[in-house]
Amino acid sequence: MELLLQQVLAGLATGAIYASMALAVVMIYQAIDHLNFAQGEMAMFSTFLAWQMLQWGWPYWAAFVGAVALSFVGGIAIERILFKPIQNAPILSQLAAFIALYGILNSSAGWIWDFNIKSFPTPFGSAPLFGERLIGTHQAGMIGVTLLMLGLLYLFFRESRLGLAMRAAATNPESARLVGIRVGWMIALGWGMSAAVGAVAGMLIAPVVFLEPNMMLGVLLYGFAGAVLGGLSSPGGAVAGGFAVGVIENLAGTFIPYVGRELKLTIALVLIVAVLMVKPSGVFGRTVVSRV
Amino acid sequence: MTVPPRDTVALAGASPRVLVIAKPSTRQVIIAAAIVAALVIPFVLKSFFVFQLTLVMVYGLAILGLNLLTGFNGQFSLGHSAFYGIGAYTAAILMEQLDLAYYWTLPCAGAVCFVVGFLFGLPALRLQGLYLALATFALATAMPQILKFQPLEPLTGGVQGIVILKPDPPPGVPLDPDQWLYFFTLAVLLMMFASAANLMKSRTGRAIMAIRDHPIAAATMGINTALYKTLTFGVSAFYTGVAGALGAIAIQFVAPDSFTFLLSVSLLVGLVVGGVGSIPGSLFGGVFVLFVPNIAERVSTGLAGAIYGIILLLVIYVMPSGAAGFVRFAAARLQSKGKPR
Chain H
0 MELLLQQVLA
10 GLATGAIYAS
20 MALAVVMIYQ
30 AIDHLNFAQG
40 EMAMFSTFLA
50 WQMLQWGWPY
60 WAAFVGAVAL
70 SFVGGIAIER
80 ILFKPIQNAP
90 ILSQLAAFIA
100 LYGILNSSAG
110 WIWDFNIKSF
120 PTPFGSAPLF
130 GERLIGTHQA
140 GMIGVTLLML
150 GLLYLFFRES
160 RLGLAMRAAA
170 TNPESARLVG
180 IRVGWMIALG
190 WGMSAAVGAV
200 AGMLIAPVVF
210 LEPNMMLGVL
220 LYGFAGAVLG
230 GLSSPGGAVA
240 GGFAVGVIEN
250 LAGTFIPYVG
260 RELKLTIALV
270 LIVAVLMVKP
280 SGVFGRTVVS
290 RV
Chain B
0 MTVPPRDTVA
10 LAGASPRVLV
20 IAKPSTRQVI
30 IAAAIVAALV
40 IPFVLKSFFV
50 FQLTLVMVYG
60 LAILGLNLLT
70 GFNGQFSLGH
80 SAFYGIGAYT
90 AAILMEQLDL
100 AYYWTLPCAG
110 AVCFVVGFLF
120 GLPALRLQGL
130 YLALATFALA
140 TAMPQILKFQ
150 PLEPLTGGVQ
160 GIVILKPDPP
170 PGVPLDPDQW
180 LYFFTLAVLL
190 MMFASAANLM
200 KSRTGRAIMA
210 IRDHPIAAAT
220 MGINTALYKT
230 LTFGVSAFYT
240 GVAGALGAIA
250 IQFVAPDSFT
260 FLLSVSLLVG
270 LVVGGVGSIP
280 GSLFGGVFVL
290 FVPNIAERVS
300 TGLAGAIYGI
310 ILLLVIYVMP
320 SGAAGFVRFA
330 AARLQSKGKP
340 R
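Here the protein sequences line up with chains H and B, keeping their order.
The opening residue of the first sequence carries number 0 in numbering that gives the first Met the number 0; numbering runs sequentially from there.
The opening residue of the second sequence carries number 0 in numbering that gives the first Met the number 0; numbering runs sequentially from there.
The set of hints was computed from the structure by calculation and includes no laboratory data.
Positions of the beta carbon are idealized from the N, C-alpha and C atoms, including for glycine.
Possibly wrong hints are sitting among the right ones.
As the list claims (entries may be wrong) - If we take Cβ atoms under 8 Å as the criterion, some of the chain H residues that face chain B in the derived model are: (1) G73; (2) A76; (3) I77; (4) L81; (5) I85; (6) A99; (7) I103; (8) G235; (9) L262; (10) V274; (11) L275; (12) M276.
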């Protein structure tokens with residue numbers, strides 16, 4: 000029982016990482032209706048920007064805000080420059096463009112800042128919470144920030160005019176355009192916001208996994224898995240899914256024989272696929288009904 | 000009023016070009032020229048380049064497998080590296096443990112992959128789009144770990160993998176092993192591309208494409224969508240598995256880490272670049288997958304990924320629906336230039 004509780008707590012701590020990434024994933028999914036495969040690399044790049052500002056001697060929160068703002072602008076720029084010209088290309092071509100963006104960001108980050116791992120500071124300190132080693136203040140802070148972002152996004156999409164316009168542009172671009180919403184800019188805004196959320200996620204994750212160009216690959220995959228498990232149409236579901244993936248992964252690694260560190264990702268994925276068999280649109284997702 | 004013979008009416012109704020059966024179509028001429036060129040190349044070029052062309056054909060075949068599923072049936076897969084790996088390992092294990100001749104391993108690898116693909120297609124029936132992508136992605140990440148799995152080590156050779164011997168040309172054939180392997184691969188490739196083209200022209204092929212275009216309408220027309228979807232999964236895995244076996248024979252080595260998720264991504268890129276839903280386009284995809292990373296590496300080692308990305312983006316800008324779409328577009332342009340509209 001002690002062990003179970005410990006593993007669940009540890010799972011929640013890693014789950015917070017996946018949850019914040021899953022949130023960024025769902026954000027962009029709602030804006031553009033595709034998964035962005037370069038999302039993790041965008042977050043990584045933002046984190047490097049913050050690191051660079053810290054190297055220049057900026058205080059933590061200045062660098063934090065600076066990186067988030069730059070990422071927001073960068074996200075919009077990527078949409079305007081790279082993806083607007085191919086917005087009418089087939090979906091799979093756009094997917095390949097994401098892969099291209101992935102390569103460009105990953106390789107240029109390695110070129111600018113090299114591949115050595117760097118440590119990244121945390122604003123929450125790393126003292127253990129509750130006097131145990133399981134969950135530190137940083138993890139607790141990470142969970143808190145993730146939930147805070149979720150709340151803010153919920154309010155934004157639920158209560159603000161702009162949020163309503165963005166939702167309209169995503170669900171029905173044709174009609175949205177007819178009522179005077181600038182759909183193109185809403186999509187760009189979605190990119191910007193998702194880049195900003197990704198930047199926050201990156202800066203929270205970096206103290207745990209250390210900063211280097213490949214730091215996001217595993218995190219992004221788990222984030223995707225969490226987002227899909229929770230349901231791509233529900234930000235809250237994505238966060239819950241992210242936490243669930245962390246817990247499942249940890250429990251599988253501990254309690255199923257033969258499963259070491261290597262196989263636990265597989266086990267987690269197989270379990271997720273099993274859940275999807277029962278709920279094909281994710282646990283909290285809306286089932287899409289098609290009209291004939 | 001004279002009634003024209005029945006045949007003419009039917010043919011004229013279908014397409015005016017069918018009437019000129021005696022004259023080969025441009026398409027046939029191009030295919031014939033390509034085959035002749037492919038037969039001459041190994042005697043002209045250096046053997047390393049011949050080897051690379053063999054690999055282009057192997058990737059082309061694997062991409063064709065993915066194309067059958069994604070391009071023609073509309074099911075998305077990030078798991079084809081797993082089928083490729085299963086094919087490669089089946090070939091290697093059969094050659095290593097049972098001393099089977101290399102050419103027998105291809106049908107075996109294909110059959111194993113067909114069964115695995117068919118079985119995987121069953122749960123995939125419940126999933127669509129990105130959810131299917133995640134399920135197939137799970138397969139892709141599981142594969143290298145299963146291959147490294149301790150209890151299976153006597154069979155798979157664990158992390159070290161299996162080394163296989165390069166097949167010699169049959170006695171009396173004046174070719175070196177690279178040339179022989181090239182021709183062997185070319186023969187398999189032609190056979191499988193022709194089969195795929197015929198399959199897609201048939202009633203079955205139309206059913207497969209109808210499911211892609213409108214699953215509900217297809218079901219209303221009496222197409223057993225579940226059966227066709229799972230069968231397409233199987234056939235697609237068959238193609239990619241045979242490609243995997245050929246690849247293992249050509250490279251003479253299999254190891255778990257050659258069949259990661261990244262291979263799936265490469266195949267997907269090849270599919271897009273070649274043209275989704277185009278059979279000859281798959282071969283162009285093979286060219287891209289093999290040569291572009293090397294070119295990027297040569298331009299700059301540090302920025303290889305960025306250069307690869309930029310080349311890929313440029314290709315997508317110039318040809319948003321792949322090489323096949325580009326050729327179709329160019330041909331339509333050329334034709335309409337000649338005639339007044």
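Hint check results:
| no. | hint | verdict |
| --- | --- | --- |
| 1 | G73 | 16 Å, violated |
| 2 | A76 | 15 Å, violated |
| 3 | I77 | 11 Å, violated |
| 4 | L81 | 7 Å, holds |
| 5 | I85 | 6 Å, holds |
| 6 | A99 | 4 Å, holds |
| 7 | I103 | 4 Å, holds |
| 8 | G235 | 18 Å, violated |
| 9 | L262 | 5 Å, holds |
| 10 | V274 | 11 Å, violated |
| 11 | L275 | 6 Å, holds |
| 12 | M276 | 6 Å, holds |
Checked against the numbered hints above, the structure violates hints 1, 2, 3, 8, 10; every other hint is satisfied.
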